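Peer 1: Okay, here's what each chain looks like letter by letter:
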Amino acid sequence: MARRASPARLVVALGVAAMLAVFLVYTAIAGGTPQLRPSELNGRTGEVALIGKVVGRVDGDARGSGLRFRLRDVEGTAAVPVVYRGSVPDLFRSGRDISLRGELQNGTFVGKPGTLVTKCPSKYTDKKNT
Amino acid sequence: MPELGRAALIVCLGLAVYAVAAGGYAAWRRRERLAESAENAVLASFAAALVAGAVLLIALIENDFSFVYVYEHTSIELPRAYTISAFWGGQEGSLLLWLLILTGFSAVAVLLGRRSSHSLLAWTVPVLGGVIVFFSLLLVAVASPFATQAAQADGQGLNPSLQNPYMLVHPPMLYLGFVGLTIPFAFAMGALLARRGDELWVVVTRRWTLVAWTFLGFGQLLGAHWAYVEVGWGGYFAWDPVENAALMPWLAATAFLHSVMIQEKRGMLKIWNVLLVVGAFALALFGTFLTRSGILSSIHSFTEGSIGSWFLGFIGLVLACSAALIVSRLPLLRSKTRLESPISREATFLYNNLLLVAFCLTILWGVIYPILTEALRGEPVTVGPPYYNFFLNAFGLPLLVLMGIGPLIAWRRASLRGLGRTFMWPLGIALATGVALLALGAGSSLPGLIGYTFCAFVLASIGLEFTRGTRARHALSGGSWLGAFAELVGRNRRRYGGYVVHASIVLLAIGVIGSSAYDTTREQRLRTGQSLAVGDYTLTYRGATQERGANAMEIRALVDVERGGERLGTMQPGKNNYFAEQQVSNEAAIRSDRSSGEDLFLIAEQIGRDQVFLKVLVKPLVNLIWIAGFVFLAGALIALWPDAREQRRLALRYGGREALSRA
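Chains as they are written, first to last, in the working numbering: chain A, 64 to 193; chain B, 401 to 1063.
The shape of chain B in the complex, shown without the other chains:
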């Protein structure tokens, strides 16, 4: 069996090398038959990767401990679901998952490209092949998941913190996002190699970027929820390098999604878009490198990791090749039009892009700062959450405002008087909200107050945009208001889906601001019967229980909760002592208030029969963050939904038959 896996990977590598060599030659010499065979090699590489994946999956399921990978990441008593999730629990397996998704996406891109954008495909295939070569080479030569050993009786098991339902879906989602960014990159490079200066690559890859971006975004929120519920320190995001690794490509992709609209509509920002797509792809590689190279566990093992230098080398190669290609094609990328006014829709998009990229770069700077300072000063210096939070405020708050301005401001050139008329309502609502919040005592946090005022502004402008559109549609076609609304969204899925995503970001902001700027934390040792007042809540310690669970001793503190004289129930924060792993895990207790979105979060330490050390966090509005995740998903789906009208429009624009049927 391991031989089959190894052979499949070698075949995959060979096919990818062929796709690069034959595909490149065919594109250069315009050999159609050869180009087609290179495309087929990409399709076949997916089949080879599938075989390799199946071999590993079967070995995991059958607990075949003659596989080093299976031995190191599973054990006999590990539940079946986690045995499967061990596929991406370690370095080799997750690289195989990368390859599997990469070849799968490439195959789909080739099949779709044959129908819609064949002229672009010729040079795209060798680029895709190049990326596949890298990953299959890593798996063949450096980090093989099919290394074998003398069969062992039992494996070493999976880290308890990975034994969690979230870990079944969260990593694959991020991988789908990371890998998905390869496709827009490959098409962009393919277009440049083919000396095309038009927007076809942007149009063809729009959905790919959206899909990758949606997976990345939703995957991160899942990770945040996991951290909040399971890790139990009371937060959901800690600016950990692993978290930043996923956030950076997402920010770059967000900038890209916005700036391509400018290229599509006005033929501007061509170089910028290519740079963004290269940046997003390089950051996705960098993210994989950060999470999978082990560099995080110790900065000092940076040069020791075998896989790390490969990744850095490949990222360097990608950046160098892309830069050389962009420079050599600069004349093609000149804009046809120019920005006419700093107050226009285009300009707002540009500001949005600058802020997103700046934020992304500051995060990157923070992540690599220890490495840079160690190289320069001989001693690593780290930056902590204050650094990131500072820039989240500095760049995030203006971004929030732009989200309210962008959708309403006119294209090309907006007059100041027109602006006043357009923004009268949103501004009025924002001001009223700000004053009302101040009266309610929200002035305790200035960034919080500003943030909420901005949120009101954005929500008002989104609401206004929906109302105006619905009213116009209603006037045009009559019928019910609801029908007019549905028709409005259905006819402009991309635009209104985007607004729904904006609304989700506002919800997220409200949740984040509420839970970080207006939270309350108390820590105190309580004796049995003693009470503690936190916010409106009164907590009383009632003693401890101890129960023997399936694989852990479960110790719980019993805490009665009251609010305004009303008894809300008993919460049971505690600890689990895992027998086999000899590990303690914190089991926080969370009580969510459905009507206000507020959480009461309890962490119990040093639980004894007559006393406990209790940490209490009251986090207002935190549940909006999780709701935002679903709104985000809904908006992304609306924007992604196939649109026949749009297809026809694009067919007309990009040379109809040339672009949309096989050349």
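Okay, chain A solo, but in the shape it has when bound:
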């Protein structure tokens, strides 16, 4: 069906193009945060989100010198020491799966304040997996 190009198509095309442009600019500038397990951390620099299970004792003070604990792969044995200052979610404790943003400094993962998130143990998840 031969038709003259309608303004609707032009508008749609321009709109889509403009949004794509905005989008590309944004992803180019801001990017995202890589999500890693402790075993994948190995000497990596720059900010990452670390996912793992809190193991062993949790020491220290999140509002003072910092909360200290070890984070292990959820399925695995590799672990890394972590220090974190900032607000701590209610569900946080040894044995819980958490996500924390920060970076590796001298072998210790230093968390960014306010980025500690506990994976809710049963909210919406299949219990058999946890």
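Simulated from the structure, these hints should not be mistaken for laboratory data. Because the structure is a prediction, the values reported are computed rather than measured. You may find that some hints are simply not true.
[Stated by the list, open to error] Pairs of lysine-lysine residues, derived as DSSO-like cross-links and limited to a Cα-Cα distance of at most 27 Å, are as follows: (1) Lys-1015(B) <-> Lys-975(B); (2) Lys-175(A) <-> Lys-736(B); (3) Lys-175(A) <-> Lys-975(B); (4) Lys-182(A) <-> Lys-665(B).
[Said to hold, decoys possible] Sample of chain A residues at the chain B side, in silico, Cβ under 7 Å: (5) Met-82; (6) Val-85; (7) Gln-98.
For each residue, glycine too, the CB sits at the ideal point set by N, CA and C.
Chain A is fixed; fit chain B onto it per the hints.
Peer 2: Frame of chain A; chain B shown alone:
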């Protein structure tokens, strides 16, 4: 008992298979009696689902721990209300709730369709049947709520965070919304299968979409309020994948609600509307998949979850079938009319649709980004709130402006001079508001200032529209102004209900902007007797109390609050230590100021006899968000209210008797 439940599900599956096969054959061969029996199969599938639902409900109420589901989600001391809410506390139960609502909605759609749109029903029934087949198959073969075990003495209990009054209504509301989107989808596909290119499916499903959209919208606000009051980190929305899962279909449905008006009025955007309705349904499925497959707890368990691959497969099937059907019916979907000018009501609707869909897609992109990057780069990359907030500003602010322009601009073609006249008042009010706010110091946040100026523009244009309409009606029929106003709204429920919803979105925007762009946060350790000034407030720590509650140790920090020398009372933020669950829960203290809508939000940590770590948030206008929820509901109800005049108009338009009585 579990056998009865399982049998009911198998019967439901069988009936649905019959509805697909017999209904499809009947529609193809035009066998009326057979088509009717397929419709009856859909009705009967609801009865079967009801039986299955009743079995699970009784097992929950009776604490029958020989049901694995009951054992895993309840316990003896769990209060009765939460025992019932455990129905949707887990995967299997919530799938059963999906099926129950789906078959219920389908049955109502069939019964209503018999009266009003019988010609459409023939092909719609097999589509509905197909969706029912999927869910009953899942429940029969993959995730049965009726699995049994040796009876246990007590169950494992329900997650404390789900033991909350909000959780009694919030999930079912979202489910009503998700499932409700199935009906417009089924009618759209039914119309295409029947080779109908007209608008009847749009008209028939308008209320279904509205109902689903209202439930989704209100359900999300309830969830936001729950997060604000109960989770207690000081926010209400965190761009969590679960929250996004509900937001995406809502955005798609919002776009659809607007673009169908263009199809009804001008016969345009037919393909687009079908795409939107398919998209909204697929996103509802995707939302259920996200919240119920466990993919969120760990990205790595993505392929392991048994139910996840089923859902993805079904979503793929739905998309493939819909795409094939749309392509094969393209000639039917050609528009009769074209967009005449980029400055017209139609064009505004089109821009609104593009922005809503773009926003929806960027959210989708953010949600699946970790999965995509893991597949491509071997390492998942997540995007956080900054990503979403950026696009909320980029797409949300233009949407706000369009909400002010759309209702006032002329159909088909608007002249620039006419535009100037129309928008003189709203523009003037918006500018005045902007200048006034700048003088008051709102310039501290540029997006906030822009947002508020836009809000003023929209409110002014809505106000103008109501005033003009009321004045015209008053001139026409005389009587009181209030009567004229009521008559105006009553005669155009859909339109003015829509404006009320617009006003609620503006209220929401004002609340969101106020509480996110102009909030104040302070954190400090306080000794007993020491004070902290935040905004106009002065807070003084007075020590701690500890009390043994029914199932938790309740520790509270006592904080005296003053403003401008006036004592406002004592707030008690604290923590509860739950004995049985061995879990701590944060109990934030919130003081709402009725006159300004501002909240003072306190979180106490490390509460000791002589010191406390206090986090203080001052959130201006945050209460408008909750008020917006009720305005939204009121507007939706006005738009939904049955309208006899509209029915007559539609009957005339769509072939009267053919469409509205049984064919």
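Peer 1: None of the hints should be skipped; say for each whether it holds.
Peer 2: Evaluated hints:
The straight-line distance between the Cα atoms of Lys-1015(B) and Lys-975(B) is roughly 13 Å, inside the 27 Å bound, and the hint therefore holds. About 58 Å separates the Cα atoms of Lys-175(A) and Lys-736(B), which puts this hinted pair outside 27 Å; it is violated. Pair hint Lys-175(A) plus Lys-975(B) holds up; C-alpha atoms about 24 Å apart against a cutoff of 27 Å. Only pairs whose Cα atoms come within 27 Å are accepted, and Lys-182(A) paired with Lys-665(B) is rejected, the gap being roughly 49 Å.
With its C-beta approaching chain B no nearer than about 5 Å, Met-82(A) sits inside the 7 Å limit, and its interface hint holds. Satisfaction of the interface hint for Val-85(A) is found here, the shortest Cβ-Cβ separation to chain B being roughly 6 Å, below the 7 Å cut-off. The restraint placing Gln-98(A) at the interface with chain B holds, with a minimum CB-CB distance near 4 Å, inside the 7 Å limit.
The structure does not agree with the numbered hints 2 and 4 stated previously, though it agrees with the rest.
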